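Dock chain A against chain V, hints included.
These protein sequence lines are chains V and A, in that order.
For the first sequence, position 202 (counting from the first letter as 1) is numbered 189 according to my numbering, and the numbering increases by one without interruption.
For the second sequence, position 276 (counting from the first letter as 1) is numbered 1401 according to my numbering, and the numbering increases by one without interruption.
Because the hints were derived from the structure by calculation, they are not lab data.
Quantities reported herein were computed from a predicted structural model and do not represent experimental measurements.
Where a beta carbon is used, it is the ideal one built from N, C-alpha and C, also for glycine.
Careful: at least some of the hints might be erroneous.
No more than 35 Å apart at the CA atoms, straight line, and that leaves these computed lysine-lysine pairs for DSBU-like [as the list claims (entries may be wrong)]:
id	chain 1	residue 1	chain 2	residue 2
1	V	LYS46	V	LYS7
2	A	LYS1272	V	LYS7
3	V	LYS14	V	LYS221
4	A	LYS1240	V	LYS46
Derived coverage of chain A by chain V (criterion: at least 3 residues anywhere in the stretch with Cβ under 8 Å from a Cβ of chain V; other residues may be distant) [claimed, not checked]:
id	segment
5	1296 to 1310
6	1318 to 1327
Each chain, written out:
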Amino acid sequence: MSTVVFESVTKMYGQTPAVKDLSLEIKEAEFFVIVGPSGAGKTTTLKLTAGLLPLTSGKLYIGGRLANSLSPAQRNVAMTFESYALYPHMTVQDNIANPLHSPGMNLSESQIASRVHEIAEMLGMGQLLERYPRELSGGQKQRVALGRAMVRRPSIFLLDEPLSHVDAKVRQHMRIELNRLQKELKTTTIYVTHDYVEALSLGDRVGVLNHGELIQVGPPEEVYSRPLNEFVAKHLGQPEINLIDVIVTSRNGTVLLQGAKNPKLQFVLEGKRAQVVKEANCPNLRIGIRPHKITCAPVEAGALIGEVYVFEPAVISGQLMVDFGGYMLTVLTKASDRFRIGQKVGFEVSPNDVYLFDPQTGKNLEAAR
Amino acid sequence: MKHAKGEPLLLKIVLDALLVVMFLAILFPFIWIVLAAFKTEADILAWPPKFRFPPTLDHFRNILSGKTYELGKASLQSNIDIVRFFFNSLIVSCGSIIVSLLVGVPAAYAIARFKFRGRENIAFTLLSFRFAPALMVIIPLYIIFRKMGLNNTYIGLIWVYQLITLPMIVWILRGYIEDISPELEEACLIDGYSQWRTFWRITLPLARPGVVAAGLLAFIYAWNNFLFGLILGGSAVQPITLGALQFISTAYVRYGDIAATIVLAFLPALILSIYSQRHLVRGLSFGAVKA
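Next comes chain V alone, as it looks inside the complex (with noise of 0.2 Å):
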């Protein structure tokens, strides 16, 4: 019953649009991921879903039922705000009672305070209920916020931004308990997210927005591993992906993609993928390799040879800097390799772990069909 369809929804700003024909089913149960950088509509999507705004043009169903003009009431949607939106004059007992108390409700004093108690324990939160919102962490905001969406059993979940403002350790805390009540609640959930970590580790299913536009939906998996274009392959992952600018020259049935800026930097591609590249017909590509898969080798075996230009020493794994003829290659290396500014270093990659961009649109070159 709880699912949400945008049928091409267009939200205008004046004259900008904010969100532009956006179509898209959310399933029943479902914790659906929008991810983006700012500015890319995420908020503004909540909000048409919470009827907070009035669509511009196209449909919105929520649960089967066409929703363009609910008023927020009666959508029975819960929403929490990257700002938690407490209400700074009521205790967090009456925050979080407050839609329990809401017209539509019916309920009595003890039933309210039942459930607010109920909630409060499992949010690990009873001994806060008499505290006014200025009094809490950032985290314990978060807590109430959310407490505040669960109280009511709304159908669907809108979560903005939930784990920004939190500090790092509480995030991470925060990130887990969030996906497993979640799937203990089974309610349909819109999680927005501008980082790509919640994104991924959160999602059944990832929508990828920018200006707008919704670029690509599909599991975390797919969507890492094989981003529609370079503007996806860019905002998912961390450290940011290595983009090159090659030239591409067809030998027999292989294709060889040379750096423009230095023609050292070579990968032969064969069979399909040469294939792929032949009947796009572009004299230049922009390719992406993620930086965990290149691999530091010997200088004496390793096929490319670049120089350190700064190396960060990390715990788990080091992030490590390599001018390379003129490109400026970002490297995962292993926990226990030092390096050197100015040391010569070898890498590398194979072939199949290179992306094939269209430099002209952004396209991945085998993900479009």
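Okay, now just chain A, sitting in the frame of chain V:
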């Protein structure tokens, strides 16, 4: 000795001296009236002015009883009822504030929250009532009031006082409401409340300090008004600011009673200002800083 922010000592002295001069200039008439209220008629008119004198409460007794007045040896009857003027002030000022709040709070909310055609024009028109001189409109208003039978009525004065109180309340509250995050209201809408209930549940409680500040400030301005009562009100409804005028007649000017009336007149405003100083400063700066 070190001075804050490294201001030269001389500059600091000059600035402080200027402040003292300004302070005295503003405070002098005030002190003078208070002193006059406690002087005998002879002491008031004495030259050089007396700063040490035996205080008397006669003037207060006179104006509050509204009966007798000693002028030399003669005892004159007076039917000037200052208490009544005082109550007129109270009725007109409170009435104006109540009407202004009823109209102004929703108006400020609409101007702060909703985008509609002519929003800024309406807001500016309201503000323009504050800087247009009242003298400009007083004659036409007088004619209109005569025709409508509104002169010398409380309703008429309360109505015309809206020119003073309404713009102030709308503009101060607009700034206040704009400072309240719209997301709080959105959250309440999603919680299942209508726009109207959300206003009562979230916006109004959060704007309460602003409502108090704007109300107090508007009250003080209304209380101090002189012109509207003078032209549009008769003695039955005139405020206390005009009460003092009653002691000036062709036969004599009763300076002491005037002074005592003025002291009584500014007492409520003074007490309110001191009591609500914190609110007022916030209210004023909210209204002033926000464009």
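Going down the list of hints, with the structure as the test:
1. At roughly 13 Å between alpha-carbon atoms, LYS46(V) and LYS7(V) fall within 35 Å of each other, so this suggested pair holds.
2. The straight-line distance between the Cα atoms of LYS1272(A) and LYS7(V) is roughly 60 Å, outside the 35 Å bound, and the hint therefore fails.
3. Restraint check for LYS14(V) and LYS221(V): the C-alpha separation of about 27 Å stays at or below 35 Å, so the hint holds.
4. The hinted pair formed by LYS1240(A) and LYS46(V) meets the criterion: a straight-line CA distance of about 24 Å does not exceed 35 Å.
5. With 3 residues having a Cβ less than 8 Å from any Cβ of chain V, the segment 1296 to 1310 of chain A passes the three-residue criterion, so the hint holds.
6. Given a C-beta distance limit of less than 8 Å, the hint that chain V covers the segment 1318 to 1327 of chain A holds, as 5 residues qualify and 3 suffice.
When held up to the earlier numbered hints, the structure conflicts with hint 2 and nothing else.
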